[in-house]
Structure formats: structure tokens, C-alpha cells
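Student: Chain residues, written in single-letter form:
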Amino acid sequence: MLLEVKGLSKNFAGLRAVHSVDFTVQKGEILGLIGPNGAGKTTIFNMISGSLKPNEGRILFKERDITGLSPPRICLLGITRTFQIVKPLPRLTVLENVMVGVFSKVKDARKARGRALEVLEFTEQLPKKDLVASSLTLGEWKKLEVSRALATSPEILLLDECMAGLNTKEISDAIHLIGKIRERGVTIIVIEHVMKAIMSISDRIVVLNHGEKIMEGTPEQVANDPEVIKAYLGEDYAKR
Amino acid sequence: MRHLTSMIRKKKKGVLPIVILLVILIILPLVLKNQYILHLIILVMMWAALGISWNLLGGYTGQVSFGHAAFFGVGAYAACLLHTKLGVSLWAGFLFAGVAGALISIPIGAICLRLRGPYFALSVLALAEVLRLITLHWKSFTEGAVGILLIVPVMGESVEYYYLILGLGILIMLTIAYILRRRMGFYFIAIREDEDAAEALGIFTTRYKLYSLIISAFFTGIIGSFFANYTQFIDPYIVFSIGEVSIAMVLVVVLGGIGTFWGPVVGALIVVLLSEGFRSFFAQASILVYGALIIIVILFLPSGIVGSIKAKYHLYTVSKGE
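These protein sequence lines map, in sequence, to chains A and B. All the letters of the first sequence, read from the start, carry residue numbers 44 to 283 under this note's numbering. All the letters of the second sequence, read from the start, carry residue numbers 164 to 485 under this note's numbering.
Keep in mind the hints are simulated off the structure, nothing from the lab. All of these numbers come straight from a predicted model, not from anything done at the bench. The beta carbon of each residue, even a glycine, is placed where N, CA and C say it ideally should be. Hints should not be assumed to be uniformly reliable.
[To be verified] Derived pair list, reagent style EDC-like, types lysine to aspartate or glutamate, alpha-carbon separation capped at 20 Å:
#, chain 1, residue 1, chain 2, residue 2
1, A, Lys96, A, Asp108
2, A, Lys96, B, Asp359
3, A, Lys96, B, Glu358
4, A, Lys172, A, Glu161
5, A, Lys148, B, Asp359
6, B, Lys475, A, Asp173
7, A, Lys172, A, Glu183
[To be verified] If we take Cβ atoms under 7 Å as the criterion, some of the chain B residues that face chain A in the derived model are:
#, residue
8, Glu292
9, Arg346
10, Asp359
11, Ala360
12, Leu364
[What the hints assert, rightly or not] Computed beta-carbon distance windows for the label pairs:
#, chain 1, residue 1, chain 2, residue 2, range
13, A, Ala207, B, Gly330, 28 to 38 Å
14, B, Ala308, A, Asp108, 52 to 62 Å
15, B, Gly330, A, Asn210, 40 to 50 Å
16, A, Gln69, B, Tyr282, 42 to 52 Å
17, B, Gly330, A, Gly228, 35 to 45 Å
18, B, Pro281, A, Pro79, 31 to 41 Å
19, B, Ala340, A, Ile128, 30 to 40 Å
20, A, Ser178, B, Pro270, 35 to 45 Å
21, B, Leu258, A, Asp151, 27 to 37 Å
22, B, Leu462, A, Ser178, 21 to 31 Å
23, A, Glu161, B, Leu258, 39 to 49 Å
24, A, Asp173, B, Ile457, 34 to 44 Å
25, B, Val293, A, Gln69, 55 to 65 Å
Whole structure, please, built from the sequences with the hints as guidance.
Tutor: Here is the structure:
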């Protein structure tokens, strides 16, 4: 068991954003986290990555309790997240953005530069390396989020809607990239609204609604579950 | 200088103008016999050194300080008091001044740099005021408003101070250029650009902001003791001044170009020359004209002189690249 989430709860001034959620993640798998807007998906990411402290519950990473540790501490332990609303370092170039990620593991600037170039080659962003991050398109920003997170050499990568707002071509590129990342042995948790994508890449899917887990299973099980269809996927999807 | 790797590349190409500037600065006092102009150049170099120190924290790390007079004044007083009370050499005083500036910055930074927003900028302003009041009223130790007169400063001749501040300025610039090319420099800039992203990438933001503050305060303290030696006299109103020190440091950087490497040098040149020029032309109205000019520059060149030139240059290269 690489990651274990037990009884996780978070309230915002009386609003139950996440309520007693449990799930586990095995090494090397891709876990999908889906649910309607406001279901608590990003809140769970915020708690795993340390930017929010849960009101109740535990998060265990490799049997170690990491609940409530600070974001940089959790990143250095091996869990790195991307942001749904992208947070590039706007006045740095793409390469420099990725170098900042690499510096979490590599101290020397020259080595970090070399490693960052490797990461950019892997994510196929090398041609953009000298562009200032603020001048990129949304699709490139989303990809830069992934490149930069990958640069920290995480064991678990938390991808928060890295395909939202992308066109069809960019989505299939992203699916391909996630597959490549997994082949490197990185465990991935994905939040995604693009159904085609989440169904094709996930090994297992956890479905949330109103802050609670309503279902967990393979993509097929989830897609055919009446409860899930009612809560989230809608009638159109049910007919297929 | 916003783009670090391009800065490193330009460094190699841009060495020649820097060497020429350096040679001119080294031989200038040998040919220039006008003491007043020499004095002005010393002031420009001193303000450039202060601006560069402030810029590391305010421009590169994004933590604006309205109270760097705290570190400037503590440096000045540390060197003078160690000399007059304990007989410590004024040469050693430069080092102690830096250390004193750095030490005083640690508690305020460790507490206030945890917060985002204007809290740090304002609490340093308060720190400078508190220190001014302490030195003003603790007469048995600091001589209060009477101030401290350095009868025998570290050196005598203006030319000697010229080379001293040139050396100190170069030392500070080289140190900061070195830091900016290392991991620490990348981390400072990452914090300025986006603190959430920086934390998610494994950066302990409070700790790195504190490093930036300590380095900035160390250099500011050293220049404080230079000022004390050069003018031979300090009092609490001068060295802990909000307008003449704290805000002047911000102005030097903002006019020249915040977060640019050469911005503070350009800013120092303009601020020193203008304030001298205005003083003789406009007399009492000089501050008014000075203020109006600053408003104009901030309105039309919001990223400062060097910053605006860079922005233009950058637009050009991007459109060419596409």
C-alpha cells in the first residue's frame, strides 16, 4: 500500500466539503477521482498535498502518517501535485520553471539544467524551453504543470484536471503522456472531468458526491453503476 | 535580468561593457580632481550598493521592505559604538556592522515573513522607528540626539573612500550575481512569482525569504558603517530616517527597475544627480519637483527604466522567435 486515506473529513465554516472518505492507492496504479463540481475532489488533493489540514482522518504514505505536514515537506517526501488553476512562474522561462522543480532533488544548477532538459524532452516540451511561461497557451500551461511536478521526481503524482479546457488533440497527447509517466513507475491520482480520458487511463475510480465516497471500482463497474449514473454521469451516458 | 538562463548567457556576451565601465571607474579618480564630482560618484556607488541589497529581497524575492533603515542604522551604530566604547578597529567594524544588521533582521523576519501581504513591509518600517527611538533615548549608551562623531574615521581622503565603496559595491554585486545563478536564487524568484507553486515544488518559503532578508540586511549594515565613516557623523534622525534612507532605497530600485540586476545602479545615478541638481535649482521646492518626477516615472515606466528597456527588447525577441 503506497497511500492510504482513512476517514478524511474537512469542513469549511459548517459546510461539509469532505466527509469520512477512505481509499487506498497501490504502487504503480492510476487512480481516478471523479464527481460533480463541489464534490470535494480538489479539497482531498489539498489535504494530501498539505495545503489544507483535515478536521478528521489520517493520510498514510508508505505506512508513515503525513497528515498535516507542510506542502514542501510532502513534496520532498515524494508526493507532488499540479494545480487545477495553473500556477506557472510567469516571468521565468519554461526551462527555468522545470529547473525549480528539479532543485528539490538536485542542488547543483548545471546538473539541474541538464535534468530539466531531460524532463522537457520526456514531456515533449523541449521546443518551448526558452519561452517565458506567461506567453504560453492554456494547453502548454497545463503541460508545464505536469513537467514541473514530474521534475521533482515524485513517487505519487496528483494531477488536478490537467485536461480541462484542452482541445481533442491536446487531450489525446495528455492521455499518451500520462501513460508514459506511469511506465516510469510513477503512481498517479487523477482528478478529471473529461470522461473519455478518465475511463481509458484509470485502473480504478473513486466516485465522490457531496463530499462522500459513493462508489469505487473499475471504470466498467463505475460506468454501469446506477447510483453513479444518477449522481454524476447523467442520462446520456447511461443510454450507451 | 528576469530570465535567469538568458542572464547567464548574456553574462558571457556582456562582459566587455562591464570591464570598460570598471576600468573607467578605476582610473577616474586619477584624472578627475574635482572633489565635488568625486563626492557625487561616491554617493551614487553607495546608493547603488544599497539598492542592490534591497533589490535581492524586494525585487527578486518579492518581499518589499519599507524599513531597511533599520539595518543601515544598526550597521552604522554597531561600527561606531564598538569603536568608541570598546576600541574595536573600524575596519573590523565593517564586518560587525553587517553581522549586526543580519542579526537584527532574524527575529523580525522569522515572525513576519510567515505572512503574505503587506505585513512584513510595515513591520520592518516599525522596527526602524523603534530602533530610532531607542538610540534617541538611550543616551548613556548611544549619545542620543547628540549623535556620534568619528574623530578619526577609517580613512582620510575622499579618493580612498571612492575605492572602498567601489570595492564594496563590486563585492556585493558579485555575491548577489552568484546567488542568483544558484538554487537559492531560483528559489527566491520562484517565491516572488508564485508562493503556492513554490511550496508545492518543495520550497520552504519562509526559510528562503529569511535567507534573502539576512543577506540583504548584512550588506545594508556594511554600507551603513561605510556611511558613518564617510560622513564621520551619525545620529538617530539621519541613519534611521524613513524618507532619507528607507524610502530612498525603495525609490532607487523602483526608478531603476525592480527585479533587474542593473536597475538599482541606474536608479542610484538618477536619484543622486536629481536630488543634487534640484537642490541647487529649486532650493526648498526641490522635494516637490522630485516627488512629481517620481509620479511621472511610475505612471509611464511602471517597471522602471531598466525594466522598461528590457520589456521592449523582450517583445522584440519573442516576435522574432515566433
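Student: All hints are to be evaluated individually against the structure, with a verdict given for each.
Tutor: Hints and how they fare:
| no. | hint | in the structure |
| --- | --- | --- |
| 1 | A:Lys96 - A:Asp108 | holds, 13 Å |
| 2 | A:Lys96 - B:Asp359 | holds, 15 Å |
| 3 | A:Lys96 - B:Glu358 | holds, 18 Å |
| 4 | A:Lys172 - A:Glu161 | holds, 11 Å |
| 5 | A:Lys148 - B:Asp359 | holds, 19 Å |
| 6 | B:Lys475 - A:Asp173 | holds, 17 Å |
| 7 | A:Lys172 - A:Glu183 | holds, 11 Å |
| 8 | Glu292 | violated, 33 Å |
| 9 | Arg346 | holds, 5 Å |
| 10 | Asp359 | holds, 6 Å |
| 11 | Ala360 | holds, 4 Å |
| 12 | Leu364 | holds, 5 Å |
| 13 | A:Ala207 - B:Gly330: 28 to 38 Å | violated, 55 Å |
| 14 | B:Ala308 - A:Asp108: 52 to 62 Å | holds, 58 Å |
| 15 | B:Gly330 - A:Asn210: 40 to 50 Å | violated, 58 Å |
| 16 | A:Gln69 - B:Tyr282: 42 to 52 Å | holds, 44 Å |
| 17 | B:Gly330 - A:Gly228: 35 to 45 Å | violated, 53 Å |
| 18 | B:Pro281 - A:Pro79: 31 to 41 Å | holds, 38 Å |
| 19 | B:Ala340 - A:Ile128: 30 to 40 Å | holds, 34 Å |
| 20 | A:Ser178 - B:Pro270: 35 to 45 Å | holds, 41 Å |
| 21 | B:Leu258 - A:Asp151: 27 to 37 Å | holds, 29 Å |
| 22 | B:Leu462 - A:Ser178: 21 to 31 Å | holds, 25 Å |
| 23 | A:Glu161 - B:Leu258: 39 to 49 Å | holds, 43 Å |
| 24 | A:Asp173 - B:Ile457: 34 to 44 Å | holds, 35 Å |
| 25 | B:Val293 - A:Gln69: 55 to 65 Å | holds, 57 Å |
In summary, the structure is inconsistent with hints 8, 13, 15 and 17 from the numbered list given earlier, while agreeing with the others.
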